[in-house]
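Visitor: Sequence:
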Amino acid sequence: MGGGQEGGTQSGEKEMTDQLLDNLRTPAQIAERITASPGIHLTDRTVWEKARRLGIANKVGRSMLISIDDVPKLLQQEKERHVPISKANALEILRRHRKKQENAKQESK
Numbered sequence: 001m002g003g004g005q006e007g008g009t010q011s012g013e014k015e016m017t018d019q020l021l022d023n024l025r026t027p028a029q030i031a032e033r034i035t036a037s038p039g040i041h042l043t044d045r046t047v048w049e050k051a052r053r054l055g056i057a058n059k060v061g062r063s064m065l066i067s068i069d070d071v072p073k074l075l076q077q078e079k080e081r082h083v084p085i086s087k088a089n090a091l092e093i094l095r096r097h098r099k100k101q102e103n104a105k106q107e108s109k
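Its first residue numbered 1, the sequence shown is counted upward by one per residue in the working numbering.
By construction, these hints were calculated from the structure, which means they are not laboratory data.
Keep in mind that the hints are not guaranteed to be accurate.
Pairwise CB distance ranges, derived in the manner of DEER restraints [claimed, not checked]:
(1) V60 x G12: 20 to 28 angstroms
(2) I56 x R96: 30 to 38 angstroms
(3) S63 x S108: 55 to 63 angstroms
(4) K87 x N58: 32 to 40 angstroms
(5) Q106 x V71: 49 to 57 angstroms
(6) K105 x N23: 56 to 64 angstroms
(7) G39 x P72: 44 to 52 angstroms
(8) Q19 x G61: 34 to 42 angstroms
(9) G55 x Q106: 42 to 50 angstroms
(10) R33 x Q10: 28 to 36 angstroms
Source: prediction; values computed, not measured.
Heads up, the beta-carbon is just placed ideally off N, CA and C, and yes, glycines get one too.
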């Protein structure tokens, strides 16, 4: 009797695995589908980077997979884009900040 249940359990697990795999896409597949829309060009690298920022990317070995349920999140506009700061930009930002502080001190005197 136990053998019949075991086979049923394995079959159920296989169905769940198949369903899960059917709902996963690579960044290239997502980019290709979105780019199929008129006027939109999107690279798989862009999809990959945004999925990482949003925390919706699942890595399996060296491959990244994204659930089709998370694709709408990729299409939403991000509130703030984090741009890497170079050393030169960091120094310029620091100089501007210090100058503002100095100006504020002089105005308060």
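Visitor: Using the C-beta atoms of S63 and S108, is the stated range 55 to 63 angstroms upheld?
Guide: Holds, at about 58 angstroms.
Visitor: Does 28 to 36 angstroms hold as the CB distance between R33 and Q10, or does it fail?
Guide: holds, 33 angstroms
Visitor: The hint says 49 to 57 angstroms between Q106 and V71; measuring C-beta to C-beta, is that right?
Guide: With a Cβ separation near 53 angstroms, Q106 and V71 satisfy 49 to 57 angstroms, so the hint holds.
Visitor: Does 34 to 42 angstroms hold as the CB distance between Q19 and G61, or does it fail?
Guide: violated, 21 angstroms
Visitor: Has the hinted range 30 to 38 angstroms been met by the Cβ atoms of I56 and R96?
Guide: holds, 35 angstroms
Visitor: Could you tell me whether the CB distance from K105 to N23 stays inside 56 to 64 angstroms?
Guide: holds, 58 angstroms
Visitor: I want to verify a distance hint. Is the separation of the beta carbons of G39 and P72 within 44 to 52 angstroms?
Guide: Given a distance of about 19 angstroms, which is not inside 44 to 52 angstroms, the answer is violated.
Visitor: Is it true that G55 and Q106 lie within 42 to 50 angstroms of each other by Cβ?
Guide: holds, 45 angstroms
Visitor: 20 to 28 angstroms was suggested as the range; check whether the CB atoms of V60 and G12 agree with it.
Guide: holds, 22 angstroms
Visitor: CB of K87 to CB of N58, is that within 32 to 40 angstroms?
Guide: holds, 34 angstroms
The structure shown violates the earlier hints numbered 7, 8.
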